[in-house]
Amino acid sequence: MRKPTAARIRADIAQGRHLGAASRWAAGAALLAAPLFFVHDSWIFGYLAQAAAMIVLALSYNLLLGETGLLSFGHAAFAGLGAFAAAHWFNRGGIALPWLPLAGGCAGAVCGALFGAIATRRAGTAFAMITLGIGELVAAAVWTLPEGFGGAAGVAIDRGSGPAWGAWDFGAPRQAYAVIAVWTALSVAAMFALTRTPLVRIANAVRENAMRVAALGVDPRRIRYAMFVFAAFFAGIAGTLTLIDVELASSESVAMTRSGAVLIATVIGGSSTFFGPVVGALVLTGLSGALAGVSRAWPVYLGLLFVGVVLRWPEGIAGWWCAHRSRVGAFDVRSQGWVYLLGGVAAAAWVGALVIAVESLYALRFAADAGGVWRLGGFAFDLASPATQAVLGGLLVLGVAARWALRATVQAGTRAGGDE
Amino acid sequence: MQAFAVATLNGVSYGLLLFMLSAGLTLIFSMLGVLNFAHASFYMLGAYLGYSIAAHAGFGFALLWAPLVAGGVGAALERTLLRRARVNGPLHELLLTFGVAYLLAEFVKLVWGLGSVSIALPPMLDGPLMTWGDATFSRYRAFMMMVSVGTLGALYALLRTSRTGLVLRAALTHARAVESLGHDVARIGTWVFAIGTGLAALAGVIGAPLAVVEPGMAEAVGSIVFVVVIVGGLGSIGGAFAASLLIGCVQTWAVGTTASLGGLLHTVGVRLPSAWAALTVAQAAPLVPYALLIAMLAWRPRGLFGRRESDA
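Residue numbers (the numbering used here), protein chains in the order written: chain A, 148 to 567; chain P, 480 to 791.
Because the hints were derived from the structure by calculation, they are not lab data.
For glycine and all other residues, C-beta sits at the position ideal for the given N, C-alpha and C.
Any given hint could be a false lead.
[Unchecked claim] If the Cβ cut is set under 7 Å, some of the chain P residues that face chain A in the computed set are: (1) Ala564; (2) Phe705; (3) Ile709; (4) Pro780.
[To be verified] Incomplete in silico selection of chain P near chain A, CB under 8 Å: (5) Gly578; (6) Leu713; (7) Gly717; (8) Ala770.
[What the hints assert, rightly or not] Computed footprint of chain A on chain P; a stretch qualifies when at least three of its residues, placed anywhere within it, have a C-beta under 8 Å from a C-beta of chain A: (9) 583–596; (10) 757–769.
Okay, chain P solo, but in the shape it has when bound (with noise of 0.2 Å):
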C-alpha cells in the first residue's frame, strides 16, 4: 500500500513535468495554430543548458537562465523561420518544425557530444524526504512537483488576472478582433512561443537530474507529449493537465508493479502462451501511453475535453 502511495506520489511528479510541457504545447497550437513538433527538443535543449550553467553558476541559476535562452530561441525561430514558413501553409510549419527538431538534436550532438550528461543534485534537494516502510519519496521530487506548481500557478495567475492575460487570451480565440483593438497580436504570438518553449525548457531543467540527459532524451518523451495532448484533446490545457496525471499515474504504476501478463490476465480466466505470459507489465510500461492513444481514439476521436472539430 506505502508503495502504491510512493508510486502515485512519483507518478503524480512526473505528470505534472509532462503538463509543463504539454501546457506550452497546447498554448502555442491555440494561438499559432501549429503543432510545434521541436517542443521536445526545446526541452532537451533547456536540460543541456541547465547542464552547462549548473557546472558553472549553480542550479539556482540554471532554473533562472536556462528558460529564458530556450525561451529567447524559441522567439528567434518564431520570428525567422516559422513566420516565414506560415506564408506556404500550416502544413508546412508542421514540416519546418520537424525540420527544426531535427537540426537542433544534431546540434546539441555538436556542442555536448553524443554521450549522456548528468547534472548533480544541490546537496539540500539530496535524499529522502519521507519513509513509508520500505518505499521512499525522494526530497528532489518533491522539490519539482513545488516547482511545476508554482510556475503554472503563476501562469495562470497571469493569464486570468493581470491585463496582460486578458488580451492573450482574446487573442487565441478571437486573433482578429484583439487586432482591430490596436494590439500586435503578431509579437503575442511570439511571446505565446516563448513562453511555451520556455516552460519546456524549465521542465527540462528540472526533470534533468532524474533523466538521463542524451541526444536521444527529445525523441522519447516528445512522443509522449503528443500522445498526451491528443488524449487530452488538441487545443484543451483541461485536457492537456487530465491526461498528463492520467499517463503520468499509469506509467508510473506500470513500471512499479511485479505483475506479469498472464497473472493479470489468469485472474479473467484466459490462459496464454508462456512466452506472452512471462511478459511482466514493467516489460510493456512503454507501450502504455500509445495502447491508451489507441483506445481513446478508439472509444472517443476528439480526446478527453477536445471540441468537435472533426477535420482538424
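Bound conformation, chain A alone (with noise of 0.2 Å):
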C-alpha cells in the first residue's frame, strides 16, 4: 500500500489544484453556455435562468456570511430594490437590456450604502436582528407604499421593448437567457477576483476577530460597511437577473421567503468556500424544481436538510466533499470502499424511511379524499397498516445496522492502522 506522506499529499493537492481550479472554470462556463445550443424549450431557459439568478445572489450573500461572518436576514431586499429601480429605468427608455443588471447593481449599492450605514455598526447577533428589521421594513414599504412600486401587482417591463443590438432585441428566451448567463459568468469572475483582494482577506480577519484588527489600527465597522456595499450591489445584479428572467418586479422580489431562501442555499452549500454557495443555490433551484411538483411536503426535506447541514456538516455540502476527496487521496479507496458503501446503504435506508413517513403523514392529513394514503409506482403506504409499518421498522433496522457494522469497521481500521 502506498504510504501517504505529508510532502507527497501537499505535492499532489499543489498540481492537482490548479489543474482542478482551470478546469472547474471552464466546466463551469461550458455549463453555463452550452444550453444557449441544445435547449429548444423556453421553460428550461427560465428554470436555468433562475438558477443562475440564485448562484449570483448566494455567492453576493456569502460575501457576508463567508467572508465577512455577518448572518444577514434581509439580502433579498437590495436584490429587489435594485429590481425595481432596473425596471423603472429600463420602462423610461434609452437603455439596452444588456446594461440592465448594471443599473440595477448600482442601485443595490446605493441602497446599500443607506441601509449598511446604520446595520454595519453593529456585528453578530444584532446586525442578524438589524438586517431582519430593514427586509421587512422594505418587505412591508413595497405593500403600503402608494408610488413606486406598484403595490400587490408590481412593475413590469417588456424586455423586447428595449433598444435592439443588431439583430438582437432580447425579447426571445434564449437571447435573455444569453445576456443572463453572461452576467452570471462576469459576477461570479468579478466575486471571486474581489476575495483575492486585501480587502477580503481583512473582512476575514474582522471575522475572526475584530478586536484584533481593530489593535491593528483598521476600523472594523469600516471593513464591514464596505461589504456590505459590495453585498448589495451583487444583489441588485442577482435581483436584475430575475427581473430579466421574469420580467416583473414584484413584492416577492423582495420578500423574506426570498432572503430565508438565499440564507438556507448559502448554508447548505457551505460558507467556507467559495464555490459552496454556488453548489447550495443549485441544490435549492433543484429541490424547488424537482420536488416541488411532486411532494407537497418538500419544504420539510428543505428544512430538515438544513437543519441537518448544521448540525452535521457545518462547513455545508462542498466542505463535506472536500473532506472525503483529501480522505480518498490520502488513503486508498480500497479501503474507503466498505465504509463508503455501508454509509450510503445507511443513509439511503434512513433517507427511505424517512420520505415514507412524511409523505405518508401528509397524504393521511392533506389527501383524505384519496383514502389517505400515499402512492409510489404499485406501491400504497397507508401508517394504519402494519405492511407499511413493517417497512419503515425494518428500514430503520436496516439504516442501524449499517451505522453500527461502519463504525465497527472504522473502528478495526483504525486498530489495525496503529498497530502498524
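Since each chain comes alone in its own frame, lean on the hints to assemble the complex.
Following this line, the structure appears as C-alpha cells:
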C-alpha cells in the first residue's frame, strides 16, 4: 500500500489545485453556455435563469456570511430594490437590456450604502436582527407605499422593448438567457477576484477577531460597511437577472422568504469555500424544481436538510465533499470502499424511511379524499397498515445495522493502522 | 380623548404581551448567548396547543397546559439539538434556531392545517368592561393584562427572592463561577430555555382569542419581538420592557388614528404629491416598528438600555 507522506500529499494537492481550478472554471463556463446551443424549450431557459440568478445572489450573500462572518436576514431587500430601480429605468427607455444588471447593481449598492451605514455599526446577533428589521421594513414598504412599487401587481417590463443590438432585441428566451449567462459569469469571476483582494482578507480577519483588527489600526466597521455595499451591489445584479427572466419586479422579489431561501442555499452549500454557495444554489433550485411538483412536503425536506447540515456538516456540502476527497486521496480508495458502501446503505435506508413516513403523513392529512394513502408506482403506503409499519421498521433497523457495521469497520481500521 | 385613553390601554395590553415574548427571549439570550430565532414559533405553538386543549378541556386548562407542553418541547430542543450545534459556534446556533422555526411552521401546517383557527372566549371574559362614550375597553383585554402582569410579577419574585433565582441570576453573569460552586449550569440553561419558551407559549394562548391563529403568525410577531429586543438593548430586561410598551402603544395609536400623512406634514409645512398625501397613518402602521428600529440605531446603536458592546 502506498504510504502517504505529508510532502507527497502537499505536492499532489498543489498540482491538482491548478489543474482542478482551471478545469472547474472551464466546466462552469461550458455548463452556462451549453444550453444556448442545445436547449429549445423556453421553460428550461426560465429554470436555468432562475438557477443562475440564485447563484449570483448566494455568492453575494456569502461575501457577508462566509467572508465577513455577518449573518443577514434581509439580503433579498437589496436584490429586490435593485430590480425595482432597474425596471423603472428600463421602462423610461434609453437603456439596452444588457446594461440593465449594471444599473440594478448600482441601485442595490446605493440602498446598501444607505442601510449598511446603520446595520454595520453592530456585528453578530445585533447585525442579524437589524437586517431582519430592514428586510421587513422594505417588504412592508413595497406593499404600503403608493408609488414606485406598483402595489400588489408590481412593476412589469417588456424585455423586448428596449434598444436592440443588431439583430438581438432580447425578447426571445434564448437571447435573454444569453444576457443572464454572461452576467452570471462576469459576476462570479468578479466576486472570485474580489475575494483575492486585501479588502476581503481584512474582512476575513474581522470575521475571526474584530478586536485585533481594530488594534491594528483598521476600523472593523468600515470593513463591514465596504463588504455590505459590495454584497448589495451583486445582490442588485442578481435581482435584475431575475427581473430579466420573469419580466416583473414585485413584492415577491423583496420578500423575507427570498432572504430565507438565499440563507438556506448558502449554508447548505457551505459558506467556508468560494464555490459552496454555487452548490447550495443549484441544490436549492434543483430541489424546488424537482420536488415541489412531486411532493407537497418539500419544505419539510428542505428544512430537515438545513438542520442536518447545520448539525452534522458545519462546512456545508462543499466542505463535506472537500474533506472526503482529501480522505480518499490520502488513503487508499479500496480501504475506504466498505466505509462508503455502509455509510451509503445507512443513509439510503434512513432517507427512505423518512420519505415514506413524511409522505404518508402528508397524504393522511391533506389527501384524505384519496384515502389518505401515498402511492408510489404500484405501492401504496398507509401509516395505519401493518405492511407500511413493517417496511418503516425494516428500513430503520437496516439503517442502524449499517451504521453499527460502519462504526465497527472504522474502529477495526484504526486499530490495524495503530499496530503498523 | 376617551378613544385615546382606550387606545393607550389596548396598547399597554399589547405591549405586555410583547414583553412576555421579549422577556423570555432576553433571558435565553443572556444565559445561552443565542438569540432564539424560533421564539415566535413557540408563541405560535402555544396558540395552537391552546386551541386544541381549550376545545377539549376548556380555556383554563389551556392556560396551564399549553405553556407546560411548549416549555417541555423547548427544553428537549435545547438538550438535544442546540447543544450539538453549540460546538460549531454561536452562528450555527442561530442558524439552527432558524431551521427549527422553519420546521415548526411546517409541523403546525401538518397538524392543524393551512387555514386559520380561532379560540372561543369563555363567556365570563366576553363583552366590554367599561365604556367611555363610543370607546370600549373589553373585559378580555383586562384579563390579558392581569395574566401578563401576574406571570411576570411571579417570575420577578422568583428571580429576586428565592434561592433558585439567586443561582439563576448569578449564572446569567458569572457562569464559570457558579459552575465551580457545584451548580449544574448546563441544566440551568435548559431550565431557562424551558421558561422562556413557556412564557412565549403563554403569550400565544392569551393572545390567541384576539389574534388570527394561522401558520404565518410566528413570522408576523417574530420580527416585531426582535425589533423590541434590539430597540431595548440586547440582553437588557428593563430595556425590553420599555421597548415593548413603546412599540405596543405606538403601533396601536397608529392603527387607531384617522390622520393622513399629507395632513400631518401639512401642519409642518411640507406638501406632498396627492398619492402620498392620501396615505393614512393607519396604513403605514406596519412600518412603524421598523422605522423606529432604524431611527433608534441611527441615534443610539446599542439600544435604549444596552451595554456598550460594539461588536456583539
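**Asked** Would the hint on proline 780(P) stand, with a C-beta cut-off of 7 Å toward chain A?
**Response** Holds - the Cβ of proline 780(P) comes within 7 Å of chain A, reaching about 4 Å at its closest.
**Request:** Examine the segment 583–596 of chain P: at least three residues should have C-beta closer than 8 Å to a C-beta of chain A.
**Result:** holds (count 4)
**Restraint outcome when glycine 717(P) is required to lie within 8 Å of chain A by C-beta distance** = violated, 18 Å
**alanine 564(P) as an interface hint toward chain A, with CB separation required under 7 Å** = holds, 6 Å
**Asked** Measuring from the C-beta of isoleucine 709(P) to each C-beta in chain A, is the shortest one below 7 Å?
**Response** Holds: closest Cβ of chain A sits about 5 Å from isoleucine 709(P), inside 7 Å.
**Restraint check, 8 Å cut-off on beta carbons, for glycine 578(P) near chain A** = holds, 4 Å
**Prompt:** Does leucine 713(P) pass the interface hint, meaning its C-beta sits closer than 8 Å to a C-beta of chain A?
**Reply:** holds, 6 Å
**Item:** Hinted contact phenylalanine 705(P) with chain A - closest CB pair below 7 Å
**Value:** Since chain A brings a Cβ to about 5 Å from phenylalanine 705(P), closer than 7 Å, the hint holds.
**Asked** Is the interface hint for alanine 770(P) satisfied, with its Cβ closer than 8 Å to some Cβ of chain A?
**Response** holds, 7 Å
**Message:** Verify this for me: three or more residues of the segment 757–769 of chain P with a beta carbon less than 8 Å from a beta carbon of chain A.
**Reply:** holds (count 8)
The earlier numbered hint that this structure contradicts is number 7, and it is the only one.
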